[in-house]
Every structure is written in structure tokens, then in C-alpha cells.
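**Student:** Residue strings, one per chain:
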Amino acid sequence: MKISGAEMLLESLKREKITHIFGYPGGVVLPIFDALYKDPSLQVILTRHEQAAVHAAEGYARSSNTVGVVLVTSGPGATNTLTGLADANMDSVPLVVITGQVPTKMIGNDAFQEADIIGMSRSCTKHNFLVRKISDLPRIIKEAFYIARTGRPGPVLIDFPKDIILEKAEFHYPETVSIRSYNPTIQGNRWQIRKAAQAILKSRKPVIYAGGGIISSNAHKELLELVNLANIPTTLTLMGLGALPGDHPRFMGMLGMHGTYAANMAIHHTDVLIAVGVRFDDRVTGKIAEFSPNSKVIHIDIDPTSIRKNFHVDVPIVGDARVILKDLIEELREISGGEDAFRHFQPWVAQTSEWEKEHPLKYAYDKEIIKPQYVIEKIYQFTQGDCIVSTDVGQHQMWTAQFFKFIRPNTWLTSGGLGTMGYGFPAAIGAQKAHPGKRVISITGEGSFLMNVQELATVVSLDLPVKIVILNNQYLGMVRQWQEFFYGSRYSSSFIGQSPDFVKLAEAFGAVGLRATRPEQVEDTILDGFSRRGPVLMEFQVDPEENVFPMVPAGGSNIEMIFESPGEKDDPKKRDSILTA
Amino acid sequence: MSEVRKHFVQILVENRFGVLSRVAGLFSARGFNIDSLSVAPGLDPSVSQMTIETQGDDHVVEQIIKQLNKLIDVIKVVDLAEFSFLSRETLLIRVNTNSRPGDRDEAFRIVEIFRAKIIDSSPTTYTFEVTGDEDKIEAILNFLKPLGIKEVIRTGKVAIAREDQRLSGKNASRPHPEGELTLNRP
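Sequences listed follow chains A and B, in order. Counting from 0, one number per residue, gives the positions in the first sequence under numbering that gives the first Met the number 0. Counting from 0, one number per residue, gives the positions in the second sequence under numbering that gives the first Met the number 0.
Isolated chain A, as found in the complex (with noise of 0.2 Å):
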């Protein structure tokens, strides 16, 4: 029987086990959404805006390890979803975006809602499709989803003509795939790992460094019992938070440019550094001349162009990190004969421990004005972390990721690599469709939650249970911080200063709205706002002028660590705290 090009992409949908699809419909895919009307076995969440789309599919891959599905018009839906795409490039997101396209014949004629898609999404995409053949379908879609999912993850954008999508075919799903010239290396070279093996178990100061791979590959159980056999002081990256839980012992925080002082100061010192599923990103490097200058390097990742791209690698590892780590333990397991083989690394580890000791996180709790890090801590301890958190960009991203501890993987959902304002309210909205028992905060800024606040209505109108807890500082915080610390404090259009009421901005969607402008009232607000069941948009008016500490400047090394604003350097007594150790 022949079916239409919409009908094939939902049979195709459902065959690769989609159930949720994001989109926002629009002139040239109306067939599509009639198709999905008439089949109620696709949920389609309408977002408000392309982009929301797409950060939702981001949170619901994410949060579930599965592939977001993006369903949008040509010409504008189709050019909203680019920071998005970008974005889950960047972060390894897998994604299938199908956009709507004109006609094949009038494609480069200028129609209206006409965009070169293909064109501007090459390189913000892990690869893209443009249909010119019924023909072609099953197998692009296929061949979409596997690209998508395997090797190092990534969106993959499907551009689908107008006549395409009505014109009718038989409609055979391949069972398989098979790309000649892609082929990721899971498998890790089995001389590579034991040269890894035997340089763990000779070095004397050995820092393991994971990141978002870990999360990828899905695995954590094996990175905690590498820490766990070998005793390794373990630090992850802002993708990589979960990856090992927040409050095991060996894990000394998130490193680089707000990274805590105990894992700048070890990866400073470390003879071995055991890097597995990062990428040597600038933010966690800072001047790359001088990062971990005395060690020799692992590195373990799935993207072969990951290693050496910035930082020099002395055992290079490619392959899927979970096939790895196991190889890799059982390697030590075989060569060093027993866990008594990692003793010597016990006046490492108690080194460590006394840099965590030395300069822990921490903030001044003040009486009169509440601390956005004091909310984050509350919110910690109201949900035990047992709950998805997503974050925007900027100040109450970093406090977030220093002062909530992620115990599982999936379960912390940020803009890393692109550091795109406007991804984590969405995103929240994708994990709590993927997760609809689990408690799903949004943490965001006043500034981030009004890049893409329109999806207020989206809650709403589908009754998720997001909690949004925005700490309003009147400024765009980073901005304004980087501003005070490298520009004499001139605070060029980083004062927002007269936001909306976000009360009664909440009441105007239809979702509750609740406040605290004062420290005491912080704990009633999250217990209020937290029990209720619908949506609720909690504003916490904060400390103006509150800093991410530690700080790394740009550029800098990872070990001249500020601790202080640049106001109370002058204080002789306090001079002390900037650190060149």
C-alpha cells in the first residue's frame, strides 16, 4: 500500500521507539501535523518558540539518553532552530530536527518561507539530510537516528520538501544500516589501555578528569569503581556533573575557571592525569601552556579529533568510554595484583584532602539579604537531590553546579559548550515530559529566564509540574562580574534593574507565582512552592553584588585562583587569599 512522505516519517518515528515529538507547526509541514491529528500514538509538545523546541528535545535526550525529536516549519521555524542545534552540537545531544522545506522544485527560487537550511545548519549539525526522493526516506531517517546516537552523539538535521511530504510510495523500513564511511570506534586499542594501566600504576599523584562522555556512554558504574578500586581523586566538568555522585568521597568538585581549589590544585600537581570523555575545553584549561604542566596524559574519548586538539596526549585512547574503563580495569585488576597495589596513593589523596580543607566552597550567609548560594543549598537540601535541574547561563549556573550536589547521571541538564541563555527552561519542559513522576527545577537568572519566558505558557497549558526558581539579581550577574573585576566596574548594559513582576508575570500564564525577598522567608517559599502540583515560578531577590568564587581570570592559569572581589584586594589583610601558589 502506498502511504504519503508525512505518513512514512511517522511510521518511521515509531519504528525507531519515538513517542514525544517538539515542534511548532507551520505553512509546508501541515501535512505532518494532519498525519500526527489522525495518529495519537506521537505526542506532539507545543512549545512557543522554535528554539524551546529544541532545548526541550536537548532536556529530554538528555535526561533520558535517548533522541530528541524536533518537528518545525521552513524558512523562520526552521532558521530558530540554529542556536539550538549549535547548542546540542557542542554538548553532544543526539537530536533528529525534520524541517519543513518549499517545494523541491522551488527550492533557490526565494519562496516564501524559503530558507537554505542545509546551507546554514552544516556546521552546527553532527551531519544533515535533504530529501530529494520519496525513495530516499526510510533509509535518511534511519541512517539519521543511528548518526545521531552512536560515536560521539549529536543532532542531525532532515530538511523534507513540501511534494515530498504529500508524494505517495510503498513505504519498506530498513532493518539495518550501514554507512560505508562512518563507522565510530568503540573498541579501545587493547596496547593503549595496558600502557594506560601501567602508567596509573606508577605514578604516584594520579587525577582522573571525566566529563559528559561518561554521561554519553553510560558510564558511570564503571568510573566509580575505577575510583573506587584504585582510590583516584576524581574531578569532573560542568557536562560531566553526576557522572560520579556529588558526595563521594574522592570527588573534589568541578574544575577550571569556577572550579573548586582542590581540583585546580591537583590537576596543577598530578604525574598521571586520566582524562576520560572531555575535551580540554578553554574553560576548564584556562592558558593551556600551564595546565597540568608535569603529567603525563590518558586520554579517553570517542571523538578521535577530541585528542590533541588543544592539549598534548601521551597514551591516546579512541573509543566509547563505558568499553573502555572496563577494559581498562580489568587491566589494573590484572596487573596489579590487588587493591594494596594503589596504597601508595594515600599522601596523594591526603593532600587533596587538605586543599579541600584549605579553601572549601563557601559564601557569607547574611541576615538581611538573601545569598543565591544559601537558595541553592536550601533546594539541595529540601529534594536530597533526588530530582532533573536544569540551568541557563551565567552566575547561578556556576553556583549551581558548585553548591547542589548531583548524585546521578541524567540528572543535571546546563548549556556547556555554547553557553546559550534561554536553553534551561525549555529543557526542564523536555525532562519533565520524559520523567513525568520526577520533581524537574528549572534555575535560572532573571536575565536567562527571559530568553525564552513565552514557554510559561507551554506548562501551562500542559500542566507540567516545572518548578522555576529564578534568583533576581538585577544584573546579567556574569557580566556585570566581569565587568567589576576587568572594566573598572563600568556596568555597560549589564544592569537590568526593572524586570517584570515575575508574580504576577507567572499569574498572567496561569501558573503561580511566589516571592522571597528576604533570607528568612527562603526556606517558606521553597516548602510553599515545592508542595504545590502545577507550575510555580519562585523569584528570589538576591544579593546585587555577589561573585562566583573561585575565579580563574580568562586566560589565565588554573592556579591563580581569585578568592575575593577586586575591592577588598586592597585590604592588606586580605591580599593574602589571591593565590599564585
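Derived from the structure by calculation, the hints contain no laboratory data. Here the structure is a predicted model, which is why all the values come from computation and not from measurement. For every residue, glycine included, the Cβ atom is placed at its ideal position computed from N, Cα and C. Treat the hints loosely; a few may be bogus.
[To be verified] Cβ-Cβ distance ranges computed for the label pairs, FRET-style:
#	chain 1	residue 1	chain 2	residue 2	range
1	B	D132	A	S122	33 to 41 Å
2	B	L19	A	R532	50 to 58 Å
3	A	I287	B	R114	48 to 56 Å
4	B	V3	A	I287	17 to 25 Å
5	A	I287	B	F16	33 to 41 Å
[Unchecked claim] Just a sample of chain B residues kept apart from chain A, beta carbon distances all over 10 Å, derived:
#	residue
6	L42
7	A80
8	T89
9	I159
10	R161
For this one, chain A is given, so just place chain B on it according to the hints.
**Tutor:** Only chain B this time, still in chain A's reference frame:
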């Protein structure tokens, strides 16, 4: 830092819509140079063969090769610097032949020396076709300059590894340095 060297990169790609722009886009997006580029379908019409002349130190070239391999439509990438290889370029050159008496004879002599071919002639010009490696091309252009070159059209270089290197050279099946992985090579 290793020194910046010239590299010829042979790329076998799927003969598909948009592949050239993926490859070219990769070079511009990552800040790599393309000095010359030639593309044509291979023996198997489902693939295309590209030769890109580029330059960079070892670190840059390693990234170029890896990034090219990462493109879904790229089947195989070979850096010819690992082999002994031959490169050729074809030029179509139009020169003046009547600025001074004897120019036409001089042009004819140069054609003979470089084993070029006259493919078109007018009362005031000759048009040559010449094929050769970089030295030869440079030499003939130098010889022709005094006559007055009106126009040069170049194909860009193509290159091929020497047969004995390809079959028995130890580089031919060598995995990537340090066994990091075997880049899409059979």
C-alpha cells in the same frame, strides 16, 4: 612546534549533493588553508576523488585529517606526506606572439622544450596545454613571461602515491601513530 609543510591530502567521498561544500566549509570553519583543490568522480561513479593541497605543522595536519574523517560523507583520507608520491597539474596558457619579431619562433621552441602542446593559434597568440610537476610549471611560466602571458587557467594539482609505496611500503597499512586508532583505512 614542528615546521609548516605542504601536504597533499587525498579524500575519497560519497558522490553526493553538497559534499564539496562540507569539505570546503570544514576548512574555512576550522581556519585551515586550501592552496588548491581538484574534484572529479572516481572509477566507481558513486564516489568522488578530491585532492587538496594544504599546509600546516604536524599538529594542524593531524587535525585536518581527523576532522575530514569525521565528516559522514568522507570514506577515506590519505595524507600523501606519508608516502613517496607524484603530483601533476595541467595549465592552459595563452601568450602573445607578436610583440617583437621572432616571438612566434621563441614560443614554438619553448613548447618543444617543455613538451607542451599548442592547442589553439591566432595571428597574435598561441594557446598551450602543459602538464607537469610544480618545478616544470614554474619553469615554463618563467620562460613565457618575456613574451607576455595573456591568460593562465590551472586545474589545481592532483597527486598519486607511487605504486611500490602503496603496496609494500610500511606506511601503507600503518595504524595511526601510537595506535590511537586506525583511520578508515582498509
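**Student:** Are the hints correct? Go through all of them and say.
**Tutor:** Status of the hints after comparison with the structure:
Remark: the range hint 33 to 41 Å for D132 (chain B) to S122 (chain A) is upheld by a beta-carbon distance near 35 Å. Taking the beta carbon of each, L19 (chain B) and R532 (chain A) are about 56 Å apart, inside 50 to 58 Å as hinted. At roughly 52 Å, the beta carbons of I287 (chain A) and R114 (chain B) sit within the given window of 48 to 56 Å. Distance hint for V3 (chain B) and I287 (chain A): a CB-CB separation of about 20 Å, consistent with the stated range 17 to 25 Å.
Here the CB-CB span from I287 (chain A) to F16 (chain B) is close to 39 Å, well matched to the stated 33 to 41 Å. Every CB of chain A is more than 10 Å from the CB of L42 (chain B) (nearest about 16 Å), matching its label as outside the interface. At roughly 17 Å from the closest C-beta of chain A, the C-beta of A80 (chain B) stays outside 10 Å, upholding its exclusion from the interface. For T89 (chain B), the shortest C-beta to C-beta distance to chain A comes to about 29 Å, beyond the 10 Å cut-off, and the non-interface label holds.
I159 (chain B), annotated as away from the interface, keeps every beta carbon of chain A farther than 10 Å; the closest lies near 21 Å. Residue-level check passed: R161 (chain B) sits 26 Å from the nearest beta carbon of chain A, beyond 10 Å.
In summary, this structure violates none of the numbered hints.
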